[in-house]
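Visitor: Residues per chain, in single letters:
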Amino acid sequence: MSDLLAARSQMAMSLMFHIVFAVAGMAMPLMMVIAEWRWLGSGDETYLVLAKKWAQGTAILFAAGAVSGTVLSFELGLLWPKFMQFAGAIIGMPFSLEGFAFFAEAIFLGVYFYGWDKVSPRIHLLAGVVVAVSGLLSGIFVVIANAWMNAPAGFQMQNGVAIHVDPIAAMLNPGTLGQTTHMAIAAYASVGFAVCGIHAFLLLRRPGNLFHLHALKIALWVGGIAAVLQPFSGDMLARMVAKNQPAKLAAFEGQFKTEAHAPLRIGGLASERDKSTHYALEIPGGLSWMIYGSTDATVTGLDRFPEQDWPAVPIVHMSFQVMVGSGFAMMAVALAGLWFGRKPSELAKRRWMLKLLVAASPLGFLALEAGWIVTEVGRQPWIVYNVLRTSEAVTPMHGMIVPFASFTALYVFLGIVVAVLLIRQMRQSV
Amino acid sequence: MSLEFLLGGTILISLLFYAVLGGADYGGGVWDLLASGKSVKTQRKIISEAMGPVWEANHVWLILVVVALFTAFPAAFARLSLVFHIPLTVALFGIVLRGCAFTFRHYHGHGDGHAADEMEWRWGRVFAVASLITPLVLGVVVGGIYSGRATSDVGFVYGWFGAFPVSVGIFVLCLFAYVAATYLTIESDGHPEAQEAFRRRALWSGAATMVAGGVVLLAGETSGISNGRTGVSVWAVRGVTLVVALAGLLQVKKRHFQASRVLAVLEVALIFAGWGAAQYPYLIPPDISIYSAAAPVGTLRALTVALAAGAVVLFPSFYYLFYVFKREPVSQSKHYGR
Ligand code: HDD
Ligand code: HEM
Ligand code: HEM
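Order-wise, the sequence lines are chains A and F.
Residues in the first sequence are numbered consecutively from 1038, following the numbering used here.
Residues in the second sequence are numbered consecutively from 16, following the numbering used here.
Derived by calculation from the structure, the hints in this document are not laboratory data.
Careful: at least some of the hints might be erroneous.
To be verified - In silico DMTMM-like links for lysine to aspartate or glutamate, alpha-carbon gap of 20 angstroms or less:
1. A:1090 x A:1040
2. A:1119 x F:168
3. A:1386 x A:1406
4. F:53 x F:208
5. A:1089 x F:64
6. A:1280 x A:1333
7. F:60 x F:135
8. F:268 x F:168
9. A:1155 x F:343
10. F:56 x F:302
11. F:341 x A:1346
12. A:1155 x F:64
13. A:1294 x A:1346
14. A:1155 x A:1203
15. A:1119 x F:343
16. A:1294 x A:1340
Just chain F, same shape as in the assembly:
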């Protein structure tokens, strides 16, 4: 296995972690926006308490992706920064507003009286809307990369402005919302009303994800974007993804929430595997591959060692974080309700 392959794979896996952890935090914001029914307050509270201790750590996966990318494949980072300047800038706005509003809501809402409630409500809106826009735009960037339009002379708009990238954006949004809903069914254990609300949302967002995914595949195959890039193995991965997605929905329906969470994560992982396989060895088709963009071998070696050493510290720490805060659903911790 070449270092290029190893590092490219590590970056893809880090992005996968960002999707199943950070992505779920965006999904949480979407469900905050769409909260309705009698248990609205409980729903929002569960979302907020589920995210509180972990969202900043989850967010760091994105930073790891960026820094590893510009260290190992600087030419790819430069191309991305050029072609996707506009959507990335919008995503940054979303990231800033989402993170700040989430925190401000908590502290502005402290204290009593109508004014505090009012502020809490406003920041809640900012948080929720930013959580909706950011994954959409990040998805558009992924769609633009996959579509093979991001060549060096494409300018600043054509690379991402089109039906295919936008359909990927919608797909990513649905996917994150689905993943979040499956987590929230578990977090809301003991609150039947809220749990039922999240279960319904998991069902229809899961279905929406499958439809959007179908549209993406169809658009990709018919417009020639995937031309020649999708061999048998890619179709095999896609087939398995479909089975897993259906199984996940079935488990949600049957209220086997632990199982549905695992299947949702597996679904995302398979989608990433399919994406990686369809694009291999290109980071940015048609011309930037893990080999053509790679840094000199000394850098690749040093980075591999650093990532390996970092992982030894990182995974136990992450395990501990989730052990402390995710052992029991937020609705049942003694912290809840203070």
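Extracted from the complex, chain A is given alone in its bound form:
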């Protein structure tokens, strides 16, 4: 394994680990707050128990999120020193703002977790709201930095150095709006579906259990609404990508040739060797219509780019199909769930619906990881699109396989422990 490949793999592994906990830190506080608010409103103690149970699980997830996030902030330099030297001044701002969001999150999470009998119920609820908002903000800030890597703005290049640096313009880059919206919705969709599936599973075992019924209802609303919105925001984002990163879009769609009437391909295997995508279900003119609103429009294919500047097309295409497939499946399940869930007790009687929710529960996380692979692998060989190559940014350090292997072992171990602990928590639940 070359040092560059090891560094890329370490970055990918660390991010794919962190994102699992990061989205939990964004979405769980919202659900805890809803449960606590329902308790304050209705006096139904079950909601209080639920808020406390969720808080316990979140405490474990939050610790893993905080430490793996710290690793990432250092890794930006440890693995990509030249990237940070170049980009720090331009795109450090959202990271710095994120720092304050972390402060707010960690401070009020301390109050939330440990303050049940130290502060008044209202203040406690308020602390939860601050956590939910700052969790969302930290996610948004860091994705702004990523959007800048995809659609760099706020500077000009002159002889290899950035001049006229404007950090605010960098934050307001053309990718920001689409990516942050899509990411925020993804957090609620993935966590909502996962939690929904867990409680549906437990409801199948203990029919009529009020605790799980309440939990299911909240998770279904949070995850369901997000899942219904997500394909719309994805569509908006895809149009943005078509404008800013045409090579990436072509890789999503397995579009090797520049052509009018480009078909929308569903599924299929992209082959770089034959420069075509096989076995896909093709809707004629579909892609042209999706992007430009007309089936006659011309879509730029990969043939417009030198081959050494292509991303790994089969991976990007496959991951994109996985994300979009999961997205539409989740939308369908969410619509069914929300329809039958108008009366939660009715929902719980339909065992097939509960089974469907269990089956759908991993889809959100699957789409989340797949979507990030699409974005990040699709940007290759650039670390900052059209400005800096990943291979130019990597550390000159040798033996990068060592940190990659050690961090992987550490994270696999931690992942297993977290899973075991969460299962124990659930066993102890009502």
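On the provided structure of chain A, position chain F with the ligands as indicated by the hints.
Guide: This is chain F with the ligands only, laid out in the frame that chain A set:
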């Protein structure tokens, strides 16, 4: 005052906050490792409950230092990441294991029976050992920076591998342990045995800190590391530090724990002031200064505004956190013992 100076100072002060808050959490882990005597269980419990609500917030100071550094002085961050790749990676391992083990211990220990106790004990060991190693390694990095070896062509080992950086590492470890012990004497109010144990530890870790600090100074002056960098003002700060350190120990001895805590924090602040003054204007001597590494002025301005606005939100929130959890010693809160 230039923006470079302002931001460099803010980063140093944030690091100081990390040392007196986050550093004390590492020190707590060290005392967990070294807990002994009849009140072992009480000692560990007080440490754990004192850290529980605040350690994650305390930890964010480190993140603020990192992000502010790479925004304002990207070249310095790049150099650090290169020269100190190995110790920083080790420190990250320590940070991950410390934080996770602290939380896992709490939740794995839940439930009853021998198995739960066993798991709690194991995670406790991981937490304590990681708390010992991390500050040591972070101190080695600081020592490497100060020693002026971290030049662009030094490779990945020479910059930090040496007697001086290691002596700074040991000094930092002693210092964090001392600060933690002075806090814990207050947290253990009402538990005379535990309090006495922490008081003894504060005494000898405070003394160890002074010895280690002396070694660092001596090594720095004799090996030529500090050559030409330590003027009168630096020596004045060092003199005051010595007085404050002695006064702190005296207060511990006299059982004036509130006073000794204040003096311990002041001691750390003075050490940072001395370090900053001796190195000024360099972030990484001999060549990276706050001026040569600075980001373009637009970035510095935006960052200054962001930090100022953030501080307005941050300090009241921190005050509230400590108000809720540190108003009374953990040993006396009604939460205690559940
Ligand atoms: C629950 C998760 C989830 C679901 C259901 C979807 N996505 Fe997604 N998608 C993500 C989670 C995600 C993500 C992981 O959050 C990404 C990675 C980067 C980003 O900002 O969002 C992403 C990226 C991403 C990108 C690439 C952006 C870029 O490279 O700059 C596009 C074009 C889409 N998505 C489009 C869609 C469409 C058309 C969907 C239709 C169903 C869809 N996504 C469902
Ligand atoms: C948490 C969700 C994310 C996941 C799962 C993810 C995934 C990945 C993957 C798979 C790679 C390797 C790509 C390759 O080399 O082929 C990568 C690279 C990288 N990502 Fe992300 N990413 C995420 C978010 C971010 C964010 C928010 C940022 C920055 C602000 C970021 C910065 C980077 C950098 C600097 C690299 C290395 C350079 C490169 O390969 O282009 N990532 N990421
Ligand atoms: C899309 C990608 C990412 C999202 C949505 C995200 C979001 C979050 C959230 C919500 C947290 C709070 C902790 C928790 O709830 O578990 C967190 C923690 C953290 N993240 Fe990320 N993050 C992402 C990627 C990154 C990257 C690329 C970095 C580093 C550059 C990073 C750095 C951190 C740090 C330092 C923490 C710890 C904060 C603490 O101690 O509370 N994150 N992240």
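Visitor: For each hint, tell me whether it holds in the structure or not.
Guide: Structure-based check of each hint:
no.: 1; hint: A:1090 x A:1040; verdict: violated (44 angstroms)
no.: 2; hint: A:1119 x F:168; verdict: holds (15 angstroms)
no.: 3; hint: A:1386 x A:1406; verdict: violated (33 angstroms)
no.: 4; hint: F:53 x F:208; verdict: holds (8 angstroms)
no.: 5; hint: A:1089 x F:64; verdict: holds (19 angstroms)
no.: 6; hint: A:1280 x A:1333; verdict: holds (17 angstroms)
no.: 7; hint: F:60 x F:135; verdict: holds (12 angstroms)
no.: 8; hint: F:268 x F:168; verdict: violated (49 angstroms)
no.: 9; hint: A:1155 x F:343; verdict: holds (12 angstroms)
no.: 10; hint: F:56 x F:302; verdict: violated (50 angstroms)
no.: 11; hint: F:341 x A:1346; verdict: violated (57 angstroms)
no.: 12; hint: A:1155 x F:64; verdict: holds (14 angstroms)
no.: 13; hint: A:1294 x A:1346; verdict: holds (15 angstroms)
no.: 14; hint: A:1155 x A:1203; verdict: violated (45 angstroms)
no.: 15; hint: A:1119 x F:343; verdict: violated (49 angstroms)
no.: 16; hint: A:1294 x A:1340; verdict: holds (6 angstroms)
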